[in-house]
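Student: Single-letter residue listing:
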Amino acid sequence: MVTRNAEYKLHIPSQTDNLELIRNFVSGVAKKVGFGNEDINKIELALDEACTNVIEHAYRDLDKGDIDIAIKVDYQKFVILVTDKGKSFPFKELEIPDMKQYLAELRVGGLGVYLMKSLMDEVEYHSEPGVKNEVRMVKYFLNKD
Amino acid sequence: MSAFEVRRKDADTVSVLYLKGYLDAHTAPDFEQALQNLVDENRVCIVVNMEELSYISSAGLGVFMGFIEDIRTKGGDIKLAELTEKVYRVFDLLGFPVLYDIFEKEMEAIEKYKEG
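Residue numbers (numbering that gives the first Met the number 0), protein chains in the order written: chain A, 0 to 144; chain B, 0 to 115.
None of these hints come from the bench; they were simulated from the model.
Computed from a prediction, not measured in an experiment: that's the story for all the values here.
There could be a bad hint or two in this list.
Said to hold, decoys possible - The calculated lysine-lysine pairs, modelled on DSBU-like cross-linking and capped at a C-alpha distance of 35 Å, are:
| # | chain 1 | residue 1 | chain 2 | residue 2 |
| --- | --- | --- | --- | --- |
| 1 | A | 76 | A | 138 |
| 2 | A | 63 | A | 86 |
| 3 | A | 99 | B | 111 |
| 4 | A | 76 | B | 111 |
| 5 | A | 131 | A | 84 |
| 6 | A | 116 | A | 30 |
| 7 | B | 19 | A | 138 |
| 8 | A | 8 | B | 19 |
| 9 | B | 85 | B | 8 |
| 10 | B | 8 | A | 86 |
Stated by the list, open to error - Label-pair ranges, simulated between beta-carbon atoms:
| # | chain 1 | residue 1 | chain 2 | residue 2 | range |
| --- | --- | --- | --- | --- | --- |
| 11 | A | 76 | B | 39 | 32 to 38 Å |
| 12 | B | 114 | A | 4 | 57 to 63 Å |
| 13 | B | 103 | A | 74 | 29 to 35 Å |
| 14 | B | 53 | A | 94 | 27 to 33 Å |
| 15 | A | 100 | B | 100 | 33 to 39 Å |
| 16 | B | 36 | A | 20 | 25 to 31 Å |
Even for Gly, the Cβ is constructed at its ideal location relative to N, Cα and C.
Next comes chain A alone, as it looks inside the complex (with noise of 0.2 Å):
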């Protein structure tokens, strides 16, 4: 019987090397709650891109950090909280409008956050300047596209 409502928590160092053991966590949990191939590999890339960012930006000055990920499953939805403690991610201005603009204009950078909004239902970015970033993204089970 699919298990539709509990919580899953990985606390991992905010490491490169990381992101295929944070893939398998998510693709895991993504699997045992019901999703098929097409959106556990939608969610797999979301949370990467979302881990990568972290990584990346809020910790990038910084020798070390941890990134806490918890998934809340519901009967309506997978939803995906990813927290750090680094710096604030400009993620409004890496908000990419137009995809055929951005590709004929080589730009790099930026591609995650499309990929995080295109690959899933909801995301939404929320800070609180040195205390701690939030990223919230949501799978609902029943939409079909």
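For chain A, the structure is supplied; the task is to place chain B on it using the hints.
Tutor: Here is chain B on its own, set in the frame of chain A:
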């Protein structure tokens, strides 16, 4: 087994890079170095074979974006071949098929260079 491998094959004026495993923020520098080596040797007619690439994130896509302008200015190109459906979906989501030549078979990409 390492998470990511990049092998290279030079055939006449075309160089093929074979990517295997996971291309993410951890492994992207290896791919970047392989492309940089080709540029340094002025081998700019490049095919990237992704048959064995099981995963790509924006860090990997960023490497393509970072090199394409320089390589085209030098008269070359980066052509993509043999993408799995999972990897192709990510390229497609970002509209990359507009910007890059994508081929089902490596040989087709190589032939395209020979056509000039």
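Student: Each of the hints needs a verdict: does it hold here or not?
Tutor: Results for each hint:
Taking the CA atoms of residue 76(A) and residue 138(A), the gap is about 6 Å. The hint holds against a cut of 35 Å. Annotation: proposed proximity of residue 63(A) to residue 86(A) holds, straight-line Cα distance about 12 Å (limit 35 Å). Between residue 99(A) and residue 111(B) the CA atoms are separated by roughly 25 Å; this keeps the pair inside 35 Å, and the hint holds. Restraint check: the Cα-Cα separation between residue 76(A) and residue 111(B) comes to about 47 Å, which exceeds 35 Å; the hinted pair is violated.
At roughly 4 Å between alpha-carbon atoms, residue 131(A) and residue 84(A) fall within 35 Å of each other, so this suggested pair holds. Distance check on the hinted pair: residue 116(A) and residue 30(A) sit about 21 Å apart at the alpha-carbon level, within 35 Å; holds. Taken as a hint, the residue 19(B) and residue 138(A) pair is honoured in the structure, with Cα atoms around 29 Å apart against an allowance of 35 Å. About 30 Å separates the Cα atoms of residue 8(A) and residue 19(B), which keeps this hinted pair within 35 Å; it holds.
Of the supplied pair hints, the one linking residue 85(B) and residue 8(B) holds, its CA atoms being roughly 25 Å apart against a limit of 35 Å. A hinted pair counts as satisfied when its Cα atoms are at most 35 Å apart, and residue 8(B) with residue 86(A) does not qualify at roughly 42 Å. Residue 76(A) and residue 39(B) have their C-beta atoms about 49 Å apart, which leaves the hinted 32 to 38 Å range violated. The given range of 57 to 63 Å is respected by residue 114(B) and residue 4(A), whose C-beta atoms sit roughly 59 Å from each other.
For residue 103(B) paired with residue 74(A), a C-beta distance near 42 Å fails the hint of 29 to 35 Å. In this structure, residue 53(B) and residue 94(A) meet the distance hint of 27 to 33 Å, their C-beta atoms being roughly 29 Å apart. Between residue 100(A) and residue 100(B) the beta carbon distance is about 21 Å. The supplied range of 33 to 39 Å is therefore violated. A beta carbon spacing of about 30 Å between residue 36(B) and residue 20(A) agrees with the range 25 to 31 Å that was offered as a hint.
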